[in-house]
Amino acid sequence: MSRTLPMSLLAVVVLALAAGASLFLGRVNIGPHQILDGLFSSDVNLARLVVLELRLPRTVLAVLVGAALGLSGAVLQGLLRNPLAEPGLLGVSSGAALGAVVSIYFSLATAFSLATPLLGLVGALGAGALTFALGRGGTLSLILSGSAVSGLMAAFLAMALNFAPNPYAAFEMSIWMLGSLSQKSWDHVLLAGPFIVAGVAVLSTLGRAIDALALGEQQAESLGIDLDRTRVLALVGVGLAVGAATSVTGSIGFIGLIAPHLVRPFVGYQPSRTMLPSALFGAALLLLADIGTRVLHTSSELRLGVITSLIGTPFFFWLVVRLRRMAP
Amino acid sequence: MRKALRIVALGVAAAILPGMAAGSSAPVKPQRILSMNQCTDLLVLQLVPKARIAGVTYLARDGAQALFPGAATGIPINYGTPEDIIRFRPDLILTGDFSLAVTRRLAKEVGAPIVEVKSARTFDDVRRSLRQVGAAVGEPDRAERLIRQMDIRLAGLAARPSARPVRVVAWDGGATVPGTETFANHIFQAAGALNIAAQPGGVFTGFDVERLLQANPEALLYGGGARPLVQNDESRHRVIRRIFAGRRIGYPEVAFNCGLPQSAKAAVDLRRQLDALPSRPQAGR
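One line per chain: the protein sequences are A and B, in this order.
With the first letter of the first sequence counted as 1, position 99 gets the number 187 in the working numbering; the numbers rise by one all the way through.
With the first letter of the second sequence counted as 1, position 34 gets the number 177 in the working numbering; the numbers rise by one all the way through.
I should point out that these hints are in silico values taken from the structure, not numbers from a laboratory.
Just so you know, not all the hints are guaranteed correct.
[To be verified] Taking CB as the label site, the calculated pair distances span: (1) B:K261 - A:N117: 58 to 68 angstroms; (2) B:T216 - A:P255: 18 to 28 angstroms; (3) B:R232 - A:G225: 34 to 44 angstroms; (4) A:R412 - B:S262: 15 to 25 angstroms; (5) A:T386 - B:T323: 44 to 54 angstroms; (6) A:P255 - B:F211: 19 to 29 angstroms; (7) A:G225 - B:G217: 36 to 46 angstroms; (8) B:A301 - A:P282: 52 to 62 angstroms.
[Said to hold, decoys possible] 25 angstroms max Cα-Cα, derived SDA-like pairs, lysine to any residue: (9) B:K261 - A:P255; (10) B:K261 - A:N254; (11) B:K408 - B:I386; (12) B:K172 - B:R264; (13) B:K193 - A:N254; (14) B:K251 - B:R195; (15) B:K193 - A:P253; (16) B:K261 - A:F259; (17) B:K261 - B:D351; (18) B:K172 - B:K193.
Note that the Cβ used here is the ideal one computed from N, Cα and C, for glycine as well.
With these hints in hand, go ahead and build the complete structure from the sequences.
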């Protein structure tokens, strides 16, 4: 714990700074004292509306989603003992994307307003169940069935785009898939929040198991770790947390991959110790990326998933170079 | 006057050219018209009887549903691909702003003239495209009748200018908001509205929800009725629902994107709805 603490403290400080900045930065420039005046005045005013109804839910959602992605990445990299594992690996993100796209395809959002995230959630849980049904009994089969389910969902996604009822629908589907936190309201926080919290709670029980797994599967079993149970819990946790996150924000790549790598060297490479700082750094990174989408003035909104990928890919290169240097 | 002359000249040219291309001296009305663009679909549906239309695009039914329900039912649909020309064997092809080289080659092979109808930015453009298509399909009188109906509506609007422009924005999630160089903007102006997203040189731009709250327009316009609404829940942010309750106006999007006689009716309808707005609330300030 002693080595986790400084890293977590640093992460908390970064996160708090980013959260503060997130409330004061946006497309509309409102001065800090104007915001403070507005918040403490009792009548309806622009500053109050923008901060309480737009920037605050957005910030809360960024923290929840970033933490879900960071923690899921840390757990999966530990569970699968693979530095390239990321939350999308088990098929839940593409399941969520498919659910959301189906709702856009059939214009369900006109019937009731939260149709898109709700169907995304259904898709994520369905994809997770399918991965579990196919991949029971081993780490390798879990990875393989996860990629098979991802592939299947991607095929359906492509089909939905292919048969889009009109160009607007195709445009909306592809834009949705780029991921965004803009225009998210408290409704989205209330919808996804409980699932993310439940998923994070499940995942955080897995620390001892992934530490033991670092020694190898047989060694872990001899230490009394129930591997099947661990895999099921990881799948359930990732399914809930990442599924709910993706269903409200769209696909956001690389956060779940990067966050654990950022903290790992500082916590002595012990898998369980990466979990809390990964979640915190995941939240901070996503929040910073989201602030980026707001302060970079582009004619149409730069989507969040685009920024995280743009930052994530160079990191990936760095990872490859570093692994090559460290290899004998 | 000069403009009017130019339009007449264009109309005459459009009337003569297809006839020349078909290589016939007597004006023969095309009997198998293939429309490969949603906007030309909606024009041709109003100009000729169904029996003479070989095919319209897959988007025609959505558009027709919003403006004149049932007009497109029973007509075979195409997807605007060059293969469709072989499939339909038309004797006249209507396309949008441009046609593909392969489309032109295949059209030559089946001996069908291609009429490219430029997309409309103004009501003058609507007159031009009605005359162009009317001449091409051999129904110039019908085209003139539609233009007269449209002009009566527009004259009615112009005769009763609004005291001050109503500040509006067409906001449907904010990803693509029509700006200055759009037909939608022209219709807003005709209806006596001031599009707050209209900046010089802008076509379709993004308009963030924070900017929307800051600008606080008097009405929020959203496309609807013209297409199956695919707006996602983004346009239903609770703060938007609350602030703009009773100030959201739906419009038939297809009549704002395509230059149609119905676009004038859409402008009249928009004016009526703007007039019916509650007196300006001061929320959001």
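Here is how each hint holds up against the structure:
The hinted range of 58 to 68 angstroms is not satisfied by K261 (chain B) and N117 (chain A), whose Cβ atoms lie roughly 40 angstroms apart. Between T216 (chain B) and P255 (chain A) the beta carbons are some 22 angstroms apart, a value that agrees with the proposed interval 18 to 28 angstroms. Between R232 (chain B) and G225 (chain A) the CB atoms are about 60 angstroms apart, so this pair departs from the stated range of 34 to 44 angstroms. A beta carbon spacing of about 54 angstroms between R412 (chain A) and S262 (chain B) contradicts the range 15 to 25 angstroms that was offered as a hint.
Between T386 (chain A) and T323 (chain B) the beta carbon distance is about 19 angstroms. The supplied range of 44 to 54 angstroms is therefore violated. Between P255 (chain A) and F211 (chain B) the Cβ separation comes to about 22 angstroms, which falls inside the hinted range of 19 to 29 angstroms. Checked against the hint of 36 to 46 angstroms, the pair G225 (chain A) and G217 (chain B) fails, with Cβ atoms roughly 57 angstroms apart. In this structure the supplied range 52 to 62 angstroms holds for A301 (chain B) paired with P282 (chain A), their Cβ-Cβ distance being about 57 angstroms.
Of the pairs offered as hints, the one joining K261 (chain B) and P255 (chain A) holds, with about 19 angstroms between alpha carbons and a cut-off of 25 angstroms not exceeded. This hinted pair checks out: K261 (chain B) and N254 (chain A) have alpha carbons roughly 21 angstroms apart, not beyond 25 angstroms. With a C-alpha separation of about 28 angstroms, the suggested pair K408 (chain B) and I386 (chain B) falls outside the 25 angstroms cut-off, and the hint is violated. The straight-line distance between the Cα atoms of K172 (chain B) and R264 (chain B) is roughly 29 angstroms, outside the 25 angstroms bound, and the hint therefore fails.
The hinted pair formed by K193 (chain B) and N254 (chain A) meets the criterion: a straight-line CA distance of about 23 angstroms does not exceed 25 angstroms. Restraint check: the Cα-Cα separation between K251 (chain B) and R195 (chain B) comes to about 20 angstroms, which is no more than 25 angstroms; the hinted pair holds. The straight-line distance between the Cα atoms of K193 (chain B) and P253 (chain A) is roughly 24 angstroms, inside the 25 angstroms bound, and the hint therefore holds. Taken as a hint, the K261 (chain B) and F259 (chain A) pair is honoured in the structure, with Cα atoms around 23 angstroms apart against an allowance of 25 angstroms.
Pair hint K261 (chain B) plus D351 (chain B) does not hold up; C-alpha atoms about 31 angstroms apart against a cutoff of 25 angstroms. Annotation: proposed proximity of K172 (chain B) to K193 (chain B) holds, straight-line Cα distance about 14 angstroms (limit 25 angstroms).
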